[in-house]
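Dock chain E against the given chain X, drawing on the hints supplied.
So the sequence lines, in the order shown, correspond to chains X and E. For the first sequence, the numbering used here begins at 1 and goes up steadily by one. For the second sequence, the numbering used here begins at 1001 and goes up steadily by one.
Some clues are possibly wrong.
Ranges between beta-carbon positions, derived for each pair [to be verified]:
| id | chain 1 | residue 1 | chain 2 | residue 2 | range |
| --- | --- | --- | --- | --- | --- |
| 1 | X | V44 | E | A1041 | 38 to 48 Å |
| 2 | X | K9 | E | T1031 | 32 to 42 Å |
| 3 | E | E1097 | X | T80 | 54 to 64 Å |
| 4 | X | S6 | E | V1051 | 29 to 39 Å |
| 5 | X | P43 | E | L1108 | 41 to 51 Å |
| 6 | X | P41 | E | D1037 | 36 to 46 Å |
| 7 | E | Y1076 | X | A13 | 20 to 30 Å |
| 8 | E | D1045 | X | A13 | 15 to 25 Å |
| 9 | E | V1051 | X | V44 | 50 to 60 Å |
Worth flagging that the hints you see were computed from the coordinates, not collected in a lab. Just so it is clear, the structure is predicted and the values come from calculations on it, not from any experiment. By construction, the Cβ of each residue, glycine as well, lies at the ideal position given by its N, Cα and C atoms.
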Amino acid sequence: MTIYFSAPKKLRAEDGRVIIGFDKLSTAEQQAYGYNPVPVPDPVAPDPQTPERIQAETKQAVKDMLDNKAREYGFDTIHTAGTWRDGLQPHADDLIVWGAACLNKAAEIFSDFGAGKRPMPTTKDVLIEMPKFGAVAK
Amino acid sequence: MSTTGRPTGLRLTKAQKLAIEDVAGKADKDTLHTITDAAGATELDYEDGSVFDITATGDITLTYANLPAVGGIVIYATNWGAHTITIAAGTEFGGGEAPEFTVSGTDLIVVTTKDTGTTTEFLVVDKDIKEAS
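Okay, chain X solo, but in the shape it has when bound (with noise of 0.2 Å):
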């Protein structure tokens, strides 16, 4: 059965007639004074959760996180900071060498997954173990 949004309680139709307490007539009867009630539609059944939507999500959830530390200081995105070298822009290396631990540790988690040794991660449990940056030794 469909469900309609309520109509408007006032109308006025088509031959100048105003219809107060429109919204108490029946479908058919709301319909003949060429009113089109709008449905409402259906609810949308959220996306499964699965592994390989979460390891999409959490590769870019990791991108996005190396590329604000990479931002802090002032390089566009870690991508960027890997032009430059130390000397020419302090923390270059550092970012570098950070971001690919990140990415490693990330893809260890998610191979431990598949191999079994622990429950599917969420993206927010693959942040947590991140590498802390200045953690990690060139």
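Here is chain E on its own, set in the frame of chain X:
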């Protein structure tokens, strides 16, 4: 000097008074015209009176008949908000906004015209009229 309006001090014979009452459209406007179970097409005929007490028991399609060139009617509208009320074309409302009526209670309505009902002004004077609590 000429004046307009009702002449004062005019003495009519009983026959003259009865003759005036016999003129079409000159029914006693002081008589309350009551409709206790209004539903469907409901015509308010000015010749029946100018004050109507209408209790809605179903959806109403309201029309007017024999409205004067200039004048109006008063409606005591009871429970109109519980039903669908269709008002004739050519009706104007305060602020251009059609009113809502009281679901269980009486609203006081004035309908006026200055063009024999071609256009009417539909004014809800007040809603849910009752004694002060």
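Can you let me know if the beta-carbon spacing of V44/X and A1041/E is within 38 to 48 Å? holds, 46 Å
Cβ separation of D1045/E and A13/X, checked against the hinted range 15 to 25 Å: holds, 23 Å
Taking 32 to 42 Å as the stated bounds, is the beta-carbon spacing between K9/X and T1031/E within them? holds, 34 Å
Mind checking the hinted window 54 to 64 Å against the Cβ distance between E1097/E and T80/X? holds, 60 Å
Quick one: are Y1076/E and A13/X within 20 to 30 Å, going by C-beta? holds, 26 Å
Note whether the CB distance of P43/X and L1108/E lies within 41 to 51 Å or breaks it. holds, 46 Å
Measuring from beta carbon to beta carbon, are P41/X and D1037/E in 36 to 46 Å? holds, 42 Å
Is 50 to 60 Å right for how far apart the beta carbons of V1051/E and V44/X are? holds, 57 Å
Can the suggested window of 29 to 39 Å be confirmed for the beta-carbon pair S6/X and V1051/E? With a Cβ separation near 35 Å, S6/X and V1051/E satisfy 29 to 39 Å, so the hint holds.
Figure legend: structure checked against the earlier numbered hints; every hint is met.
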